[in-house]
Amino acid sequence: MSGRFLESTAMGFARAITRAMESERIARQRGLLQRLDPRVRVVGLLSLILAATLTRKIGVVAALFGVAVLLAILSRVSLLLLLRRVWLVVLAFTGVIALPAIFITPGTVMARTGALQVTEQGLRTATLLVLRVETAVSLCSLLVLCTPWAMVLQSLRALRLPREAVAMLAMTYRYVFLLVETASQMFESRRSRRVGILPGAEQRRMAARTAGVLLSKTVETSNEVYLAMQSRGFRGEVETLSSLHMTMWDYIGLLLFLLAGAFAAWIGR
Amino acid sequence: MHIPDGYLSPSTCAVLYAGAAAGWYVALRRLKRVLLTRVIPLISVFAAFSFVVMMFNLPLPGGTTGHALGVTIAAIVLGPSGAILALSIALAIQALFFGDGGISTLGANCFNMAIVGSLVAYGAYRLMSARAAVGDRRRIIAAGIAGYVAVNAAALCAAMEFGIQPMLFHDASGTPLYAPYRLGVAIPAMMIGHLTFAGMAEAVISAGIVAYLQVADPALLSRSLTLSYTSLVGAAKLRPVASSTRRLWIAVAMLMLLTPLGILAAGTAWGEWSPAELARGASSRAAAVRSLRPEAPSGMQRLSHLWTAPFPAYAPAFVRSRGFGYLLSAMFGVGLLLCLSLAAQRVLERQRRRRAAA
Numbered sequence: 001m002s003g004r005f006l007e008s009t010a011m012g013f014a015r016a017i018t019r020a021m022e023s024e025r026i027a028r029q030r031g032l033l034q035r036l037d038p039r040v041r042v043v044g045l046l047s048l049i050l051a052a053t054l055t056r057k058i059g060v061v062a063a064l065f066g067v068a069v070l071l072a073i074l075s076r077v078s079l080l081l082l083l084r085r086v087w088l089v090v091l092a093f094t095g096v097i098a099l100p101a102i103f104i105t106p107g108t109v110m111a112r113t114g115a116l117q118v119t120e121q122g123l124r125t126a127t128l129l130v131l132r133v134e135t136a137v138s139l140c141s142l143l144v145l146c147t148p149w150a151m152v153l154q155s156l157r158a159l160r161l162p163r164e165a166v167a168m169l170a171m172t173y174r175y176v177f178l179l180v181e182t183a184s185q186m187f188e189s190r191r192s193r194r195v196g197i198l199p200g201a202e203q204r205r206m207a208a209r210t211a212g213v214l215l216s217k218t219v220e221t222s223n224e225v226y227l228a229m230q231s232r233g234f235r236g237e238v239e240t241l242s243s244l245h246m247t248m249w250d251y252i253g254l255l256l257f258l259l260a261g262a263f264a265a266w267i268g269r
Numbered sequence: 001m002h003i004p005d006g007y008l009s010p011s012t013c014a015v016l017y018a019g020a021a022a023g024w025y026v027a028l029r030r031l032k033r034v035l036l037t038r039v040i041p042l043i044s045v046f047a048a049f050s051f052v053v054m055m056f057n058l059p060l061p062g063g064t065t066g067h068a069l070g071v072t073i074a075a076i077v078l079g080p081s082g083a084i085l086a087l088s089i090a091l092a093i094q095a096l097f098f099g100d101g102g103i104s105t106l107g108a109n110c111f112n113m114a115i116v117g118s119l120v121a122y123g124a125y126r127l128m129s130a131r132a133a134v135g136d137r138r139r140i141i142a143a144g145i146a147g148y149v150a151v152n153a154a155a156l157c158a159a160m161e162f163g164i165q166p167m168l169f170h171d172a173s174g175t176p177l178y179a180p181y182r183l184g185v186a187i188p189a190m191m192i193g194h195l196t197f198a199g200m201a202e203a204v205i206s207a208g209i210v211a212y213l214q215v216a217d218p219a220l221l222s223r224s225l226t227l228s229y230t231s232l233v234g235a236a237k238l239r240p241v242a243s244s245t246r247r248l249w250i251a252v253a254m255l256m257l258l259t260p261l262g263i264l265a266a267g268t269a270w271g272e273w274s275p276a277e278l279a280r281g282a283s284s285r286a287a288a289v290r291s292l293r294p295e296a297p298s299g300m301q302r303l304s305h306l307w308t309a310p311f312p313a314y315a316p317a318f319v320r321s322r323g324f325g326y327l328l329s330a331m332f333g334v335g336l337l338l339c340l341s342l343a344a345q346r347v348l349e350r351q352r353r354r355r356a357a358a
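If you're matching them up, the sequences are chains S and G in order.
Going by my numbering, the first sequence runs without a break in its numbering and finishes at 269.
Going by my numbering, the second sequence runs without a break in its numbering and finishes at 358.
Think of the hints as simulated: they come from the structure by calculation, not from any bench.
For every residue, glycine included, the Cβ atom is placed at its ideal position computed from N, Cα and C.
Keep in mind that the hints are not guaranteed to be accurate.
Quick look at which bits of chain G chain S covers, simulated, 3 or more residues with Cβ under 8 Å [said to hold, decoys possible]:
(1) 90-104
(2) 172-178
Sample of chain S residues at the chain G side, in silico, Cβ under 8 Å [said to hold, decoys possible]:
(3) T9
(4) L50
(5) R56
(6) G107
(7) A167
(8) T172
(9) L215
(10) T218
Counterexamples of contact, computed for chain S against chain G with all Cβ distances above 10 Å [said to hold, decoys possible]:
(11) V69
(12) L74
(13) R85
(14) G114
(15) L116
(16) L159
(17) R160
(18) R194
(19) R205
(20) H245
(21) A262
(22) W266
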């Protein structure tokens, strides 16, 4: 594994860029969520996520998961993509974490095999955890997949996030891709000049040196960005463009989201 | 260590959002006093750097790999305020755009990794590299240890947040509603991975970058960048101290007025029982647990008479109203602290003058 750290890191960079491009493509499609005002998407999906975390009943969480699947279909988000990117990953990660709870949670014993015993409470807590995380991550992924980043930022500003924070999020997002590309090129050039597998200590030195070079470039880039901002008259006042207009359908959508979230939280309490 | 949605209860998330918001507020205020125009691009691009460093798949001794957080190098180069904001922004982008870490748990993740991580990393590095020259080898070791300690401190916070979930949030049948493991399981389970791989990954990258910077770009190690920009700002640009002091007094007055709120809470604070309260609680539990005796331990009974407070239970004996008693106790407490700090300030000032004269 460690022998291929250059490859695996470069693959990670490539995967991040591919994911970002895929999200932009889905966000441009004409589905249900894409047609709604981004503020409605942010508030509506957050209210469903909140409902999914508030509810105490497995049936209600399962119903919210069904809503997430329905929203994905109506928004033309491939279920295969969600399966690959969200459901299987969450199942593997949270499933491993939740599995021992089936056996070690004290409660009513349902089955016993040798030293292991399955309790009703253990089974319920593991199911609830996996289902809750699947639902919340699916809803979060729908928000990410169906909303271009610029619109997420506009919505955050509309939700009264400080201008400085929105400006920093916008700039960070832009430079993430520049630095990912720079790091990717550095790894690629190193890989093209390498024959065989480097010893572990040398690999660690190389990774640290690459990060060090990237840090120097980061500070240099921030200086250049600062000078560019100064030359364009930046004096500390951050302005954000806002061209969002709510239509009647947006208000209806917002109302439905909030009602669904409140109803789920109420019956699942 | 990125906690996804669903592992923590909404109330835990709200508390940790409040904790993180306090950290963001203080960090932003400190940086605004520096030079906002300079800080915005620096923090933004550094956040992008932290994001990329988190993607590095580091080879570790033993043949495995691990991911670092990059919090230590951010704290060393930017200082704690800059690191808190840069890491928080990187974590927000991970959650909002890449779906890594939850939205409801973003406050918790920022609290653990950005705030606790940055403060611990900065404190440990400064402590261990005190008075070391920029090129001193001690700085490399300090960065490595600071990285290791910071990641484990952040992981411990996350483990404790997981561990309190089943204690606080379960249904009538005892089914845990969120993270299902108690502290006794959550802490070892979380810490084993971080004491070995994750902590080591952060130590390797932090020490490695500091070693590289000592040779290639020592200026970045000489002083926190955000502190360096302070010198660019004239005294006139700094926020007047008087206004912040006034606000502090208003906040203290508000808190004093709110002290009677404690009366509304049912029961007693856990672990703060008097021997009589402990005996009462034990007698009610004794029916369920036979080994408990309905009386306070003898040592506790003996030591409880060592000191009698002037305002027992926050209410002087001559005051009838409990609410007024709380308010009076708050005023007395604040007044006492004020007198002590004024006395300490006078002593320190006198010492400073004496040293200056010498």
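- Enumerate the violated hints, using their earlier numbering and listing them in ascending order. Going through the list in order, the structure violates hints 13 and 19 and respects the others.
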